[in-house]
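Q: Each chain is listed here by its residues.
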Amino acid sequence: MKTKNNILQDPYLYIFIIFLVYPFLPYIGKYRSVGTELLIWSIFALSFNLVLGYSGLPSFGHGAFFGVGTYAVALTLLHLTSKDVTISLILAAFFGGLFTFFYGFIIKKKRGIYFSLLTVAFSQILYVIGFRWDEVTGGETGITGLQRGGFLGIQINNPITYYYFVFVLFVITLLVIRKISNSPVGKVLLALKQDEKRAQYLGFNTERQVWFIFTISGIFAGLAGGLHGLLHLSAFSDTLHWTKSGDVVMATLLGGGLANFYGPIVGAIIFISAREILSSFWDNWLLLYGLAFVVIILFIPTGLLGIVERIREKKHFEQFNNNRNNIGSKNTQEIT
Amino acid sequence: MNTTLCLALLFNGIVLGLIWSVIAIGFSLVLGVGQTINFAHGLLFTFGAYFFFSISRNTSFWIAVIAAPILVAIMSLFLEVVLVRRVYGQDPLFGLLITFGFAIAMEEVIRMVWGKAAYSVSTPIFARGQLILGNFVYSRFRILLALFALTILLLVLWFMSKTSFGAIVKAGMFNSEMISALGHNLPLLRTLVFVMGGLLAGLAGVIGAPLWSIKSGMGTDVLMPGFIIALIGGLGSIKGTIIGGLLVGITTSLAVLVIPRFTDIIPYVMLIAVLFYKPKGLYGEVTILGEVRE
Amino acid sequence: MKNKLLFFSLTLIALVVFSLVVTAQEPVKIGIVSPKSGNYADHGEMERIGMYLAVEDFGGKVLGRPIELIEVDSETNPDIASRRTKTLIEAQDVKFFLGAVSSSVGIAVGSVCHELGSIYICTNANSDTITGVDANKHTFRVPPNMAILVRGAAKYVAENLGKKWYFVTHDYSWGWSGTEWGRKMLDKVGAVEVGEVKIPMNTRDMSSYLLQLVNSGADVACVTVGGFDGIALYNQMGEFGIFDKMKVWWTLADYPDSYAIPPEQRGRYGMMEIYWKATPELIEFSKRIHDKYPGAIANVTETNSYHGWLGMKALLTAIEKAGTTDVDSVIKSLEGLIICDNKQPDPTYIRPWDHQFIDTMFFGHDIPGAEGDDITEVLFTAPCKDFARTMTENPIDLTK
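Residue numbers (our numbering), protein chains in the order written: chain A, 1 to 336; chain B, 1001 to 1294; chain C, 2001 to 2400.
It is possible that part of the hints are untrue.
To be verified - Sample of chain A residues with no beta-carbon within 10 Å of chain C, all distances over it, derived:
#1 L98
#2 K109
#3 I156
#4 Q200
#5 S279
#6 W285
#7 L286
#8 L288
#9 V295
Unchecked claim - Residues on chain C that point at chain B, a partial pick, calculated with CB under 8 Å:
#10 E2159
#11 G2162
#12 S2173
#13 K2198
#14 A2278
#15 T2279
#16 P2280
#17 I2283
These are computed hints drawn from the structure, not numbers from a lab. We put the beta carbon where it would ideally sit given N, CA and C, even for glycine.
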């Protein structure tokens, strides 16, 4: 199977090329910070999809870990070092991971609706802290006026250099997350998603896998948050609010995170662009925005790439559909 | 510390708790029976408040009290039949997102119809003024609203414990598959409970409108406390929700004396404490832990 | 292979569609970063109307070139506001920005504009820091800050309303600054503090705080609470009969909020940034606003619309005066600019060293039970220049 043709068929190559030349494309190339934002959201959505798409865990509080990363960067730049962002970014990923580690410990046993409920509650706790604790987080006005400095001595102050800096991290993230999802752990998670009990009977410690994947997801979410903080050179509590967690879930579902590994990236790109375009055209754009949620859930829950997959391979789709039904039936089982 | 003040705050906590319970109870019922996290509950509350505002301004206070919740109930019927019904039994995120999206869209509709500005509702003439007992001063209107909330809560409590429909609803919370097996119509039950949740949200809106002023985003502010109270009380438990509401109301009211800034974090701290010591919530019959094993 | 192609084209389509926002380049572009959704959407709507009217006054042209207003929705969210501001600068090379209702958005947009070298006129945020610690060369601010508003009223309050003050503070930076200035005035006007209660942001139920206020034995409640929380507090004060027990002084009374309160529940005193009956020009202006926006809660010159208008007028006047759209020249001509036909009793002056607009403020009392549009009695007017922070109090100099 490993032929040259195979490399050309790898979507990864196209994603790589598009983002590589993005700043030099006509028209859209000028939207550099949007391009960077798309990369950051792609990282975020990929990390989120480890939890949603791969493990089938309905988390609705991932915005909190993103926000933790943003604050980690802002606070270290403010209090520790403002010359170099290396430590800040490492800390962003670390704190993202730390929070998910502790949190994963609490909720690793929970599934279905209870998992959602608790993730919402947890993100809201972080939001209240971020919003109220003015002395540390700046409260409503947040932390602003940071300096980007350099990364290991390389200057990343220029928007273009920063774009490529994020691009490199994006590529690394993509490779790492792909590695994880193709690894034995990833396979166990897929088994868990399909039928957790069966996976347990086969001797897998599913709780530990969930805990592990949740932590990994938190690390990358924290990293994405840190990069976002560096992009805007600020941190605000709004990122922690539960309504913001909805964005990443929607982006992931829209692209087809449940069906395809690359779904979250497509979703993030379309979601962010659509939001920007809609809001610039119509004052009451939120009406369409909200309806889009409804339409996507009702008609294309498998997302855009899900449709693509359906066109390509009906068999694959059926298998996927089974997966989805499995998630559903599992919930009803739990109630008993 | 000033005893009158402490007593006044305690009293206020009870009043608040009763009002919060009305908000939380509808959410809790839908969560328990429909297994749906209804993020549109706040929106239904908002619509209750706006309907009440418009109707009471154009007709009379009493017509508004009755008509507003009914209109909201009709709206929630629509929401359930057209949208929520399709995602029962699927990934819980679907139900959550579909109600969330609906709430975002309809909130915009409110802005388009009623405008973006905030409004307040006049206190009806019979309820104006304050209750003054020595140093103790309290709004008379608020006492009446608390009594109204108490009546609603007692009615729901009676309905759930003494009628056969209530028994089925309770059973549905405990084991929805059994309901179908026993020959009851589960989809119908879910619809009815959802509409009941909408009616309660509408009633809460009627209480909230004159108290807290109205604005399109007001639902988002009450959604989270309602959500937390429902979890503290135990999913779908009426008694638990009322006690949870009272606990939250009293502690937040008294906390103003000690830590005014973090009063709104108290419900969350209580939730964590409850989850650790009573995983089912105060009176829940279903464990919040939702473990796969056993 | 087919799906890969589809995938590729999907991504590309998304990117190309996005580029459609790009427009022509001839006119003078002015970016408006103003909330269309979120907490302050109503205020955003009003400030934009003011801006349109100012552009209308200039015949839609500046330096003979057409004015193009590019609006983005700040969603009352500093994060999104700064992203959209940045996008406009990068992709459309917008040099001038106006807008922002909340201080957080104002500070965020200000720092983006400073970083990328565009001018920003903050139209409706009152926080001290925008012209204080967060001040920068590219940011100007129209409404008076808390220092001006509180110090302008303190003497009158102490002499006429009462000397035992109880502070009601919105618990975040803006609210704190109101109370802080109030405290600094205590000695100067011979008042005493009898307590303070802090109200967290987004609090809907004020009863516990009001009970504390009722039991405090104060003569005057010095309130710095804004937004929807402020409306809720005002309304519940009426419900608890606070106005019968003491005088209530709002350090910043966003007076159109009073129209949202039922007439019988009104009764506060407060410092207003503008009042619609102050001059014939303002009454005239109210009619124009009403024609543009018949859905408003009252047919008056709203604070936000007035500041939107004034900010836009200042910017366009400065561009005309500079004769160019070069950012540095326009900053130079904004600094020290005096606007005489500002519809107020006294001209508006832009202080060069902290970029603060200085004009007149109005202290008023909401008459309980008054119906219609004329509900506030103006007790006195005060010139902002006598109360604004001096250079020693606010040691910055943006002219350097």
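Q: Give a verdict on every hint.
A: Going down the list of hints, with the structure as the test:
no., hint, verdict
1, L98, "holds, 23 Å"
2, K109, "holds, 33 Å"
3, I156, "holds, 14 Å"
4, Q200, "holds, 34 Å"
5, S279, "violated, 4 Å"
6, W285, "violated, 7 Å"
7, L286, "violated, 5 Å"
8, L288, "holds, 12 Å"
9, V295, "holds, 17 Å"
10, E2159, "violated, 28 Å"
11, G2162, "violated, 19 Å"
12, S2173, "violated, 13 Å"
13, K2198, "holds, 5 Å"
14, A2278, "violated, 22 Å"
15, T2279, "violated, 25 Å"
16, P2280, "violated, 26 Å"
17, I2283, "violated, 21 Å"
Hints 5, 6, 7, 10, 11, 12, 14, 15, 16 and 17 from the earlier list are contradicted by this structure; the remaining hints agree with it.
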